[in-house]
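S.K.: Go ahead and model the full structure; you've got the sequences and the hints to work with.
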Amino acid sequence: MCLGIPGKIIDIYEGYGLRMGKIDFEGVTREVCLAYVPEAKLGDYAIIHVGFALSLLSEAEAQETLAMLRQISDFEIEPSLPE
Amino acid sequence: MKYLTEYRDADLVKKTAAEIARIQTRPWIIMEICGGQTHAIMRYGLDQILPPQIELVHGPGCPVCVTSLEIVDRALAIASFPDVIFTSFGDMLRVPGSTGDLFSVRATGGDIRVVYSPLDAVKIAQLYPHKQIVFFAIGFETTAPANAMSVLQAQALGLTNFSILASHVRVPPAISAILSSSDNRVQGFLAAGHVCTVMGYWEYISLAEYFSTPIVVTGFEPLDILNGILHTVRQLEQERCEVENAYPRAVTKEGNLPAQQVIRQVFQECDRNWRGIGTIPKSGWRLRPEYSQFDAENRFSVTDIQTIESPLCIAGKILQGIKKPFECSAFAGECTPENPLGATMVSSEGTCSAYYRYRIREINNG
Numbered sequence: 001m002c003l004g005i006p007g008k009i010i011d012i013y014e015g016y017g018l019r020m021g022k023i024d025f026e027g028v029t030r031e032v033c034l035a036y037v038p039e040a041k042l043g044d045y046a047i048i049h050v051g052f053a054l055s056l057l058s059e060a061e062a063q064e065t066l067a068m069l070r071q072i073s074d075f076e077i078e079p080s081l082p083e
Numbered sequence: 001m002k003y004l005t006e007y008r009d010a011d012l013v014k015k016t017a018a019e020i021a022r023i024q025t026r027p028w029i030i031m032e033i034c035g036g037q038t039h040a041i042m043r044y045g046l047d048q049i050l051p052p053q054i055e056l057v058h059g060p061g062c063p064v065c066v067t068s069l070e071i072v073d074r075a076l077a078i079a080s081f082p083d084v085i086f087t088s089f090g091d092m093l094r095v096p097g098s099t100g101d102l103f104s105v106r107a108t109g110g111d112i113r114v115v116y117s118p119l120d121a122v123k124i125a126q127l128y129p130h131k132q133i134v135f136f137a138i139g140f141e142t143t144a145p146a147n148a149m150s151v152l153q154a155q156a157l158g159l160t161n162f163s164i165l166a167s168h169v170r171v172p173p174a175i176s177a178i179l180s181s182s183d184n185r186v187q188g189f190l191a192a193g194h195v196c197t198v199m200g201y202w203e204y205i206s207l208a209e210y211f212s213t214p215i216v217v218t219g220f221e222p223l224d225i226l227n228g229i230l231h232t233v234r235q236l237e238q239e240r241c242e243v244e245n246a247y248p249r250a251v252t253k254e255g256n257l258p259a260q261q262v263i264r265q266v267f268q269e270c271d272r273n274w275r276g277i278g279t280i281p282k283s284g285w286r287l288r289p290e291y292s293q294f295d296a297e298n299r300f301s302v303t304d305i306q307t308i309e310s311p312l313c314i315a316g317k318i319l320q321g322i323k324k325p326f327e328c329s330a331f332a333g334e335c336t337p338e339n340p341l342g343a344t345m346v347s348s349e350g351t352c353s354a355y356y357r358y359r360i361r362e363i364n365n366g
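Listed in order, the protein sequences are those of chains A and B. Residues 1 to 83, numbered by the numbering used here, are exactly what the first sequence covers, in order. Residues 1 to 366, numbered by the numbering used here, are exactly what the second sequence covers, in order.
Do not take every clue at face value.
[Claimed, not checked] No more than 20 Å apart at the CA atoms, straight line, and that leaves these computed lysine to aspartate or glutamate pairs for EDC-like:
no., chain 1, residue 1, chain 2, residue 2
1, B, K14, A, E64
2, B, K2, A, E26
3, B, K2, A, D44
[Stated by the list, open to error] Pairwise CB distance ranges, derived in the manner of DEER restraints:
no., chain 1, residue 1, chain 2, residue 2, range
4, A, E64, B, S212, 26 to 32 Å
5, B, P82, A, K41, 46 to 52 Å
6, A, K41, B, G278, 42 to 48 Å
7, B, S329, A, Y16, 46 to 52 Å
For the record, the hints were derived by calculation from the structure and aren't laboratory data. Keep in mind it's a predicted model, so treat the numbers as computed, not measured. C-beta atoms are modelled at their ideal positions from N, C-alpha and C, and glycine is treated no differently.
M.R.: Okay, here's the thing in structure tokens:
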């Protein structure tokens, strides 16, 4: 139930008096409520739970996490390589 | 899939596990709160690539598992009423009540429907004005914004045939209860990343300080989980006890403010009985009195509930990280996902079901 998954916002519209949208989960599309991410734009990625977008994913933070992990493991694997 | 595939990179997973092994000098016990993380750990075998001195214990973050037996029995009773359409997340249908589950109510004629979103339940209420539509509003902070919105939506539409059976639980009071217990073994926590997308992590800062225990906000992919463990082990080794965010692509310190505002508007704090664990003060949310017309507990009179829990089931000890499923005499014998004695064997987030799915061969091979 807490298993939110990331998806890409491919449509934004008003529905049922709420800000709604369509999310693409790599081929599978689903209607979701965007009321909690008022800043969302087309093409953004969001974490979706039970039909609601709860947070937008930050590309910059995503890259930084990966870069940090790559750096640690490179350091660990090649500590004695010459400069 | 973007934001998933790169966090499943086997090479980086192995290297991160190696880094944990490199910095670790003492044994440590770390609890992942969230059942979704428990399943990811078992599915990807992360516990098996960690150094043996790092023990992962599995927490109570499975909403299906901790919903009290009394509430499940109440759901079964309401779902049995004629003219009720009972709507629920699919996970709840097989959860054992004192006598039967929602599937067995459906088999005897109850109109029980699985919905993906609470807003789907509101749509059903619009379609069937002569029926009473009840939504089983359970879950942690992750489902609360959606469930709260269903109430606001029903109110905006002027619906008089929609109500929710609300039993919300919150993570921080559970962490506090686990760390306060005399049986506690946990030295560091992986906080549930998706709970923190909603609530942020400001609530955990005082907990980490008070209990001198590191808490690391952690995501759900294999690399995310190892990154969370790496941060936790590093803190433990350095004798630090801070809140760190190892899932910054999805989580900010303040969380989702519009969602928190709607939660506060619709729900208020209450004591909550957690199945197998007992009552934890201020650990739940219930509807505010101004929304009592949407409260299924008010709308349907259910009085004669007498809960009977399986005497064999040790789910409460498993949810607190005191025991593991292998230590249960009923595990994979009397208790299986097809015939669960306790909710931890049912859910896609339950610890017993994770061990059953991903570790059953080991058990059979001794």
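S.K.: All hints are to be evaluated individually against the structure, with a verdict given for each.
M.R.: Against the structure, the hints:
no.: 1; hint: B/K14 - A/E64; result: holds, 19 Å
no.: 2; hint: B/K2 - A/E26; result: holds, 9 Å
no.: 3; hint: B/K2 - A/D44; result: holds, 11 Å
no.: 4; hint: A/E64 - B/S212: 26 to 32 Å; result: holds, 29 Å
no.: 5; hint: B/P82 - A/K41: 46 to 52 Å; result: holds, 48 Å
no.: 6; hint: A/K41 - B/G278: 42 to 48 Å; result: holds, 46 Å
no.: 7; hint: B/S329 - A/Y16: 46 to 52 Å; result: holds, 50 Å
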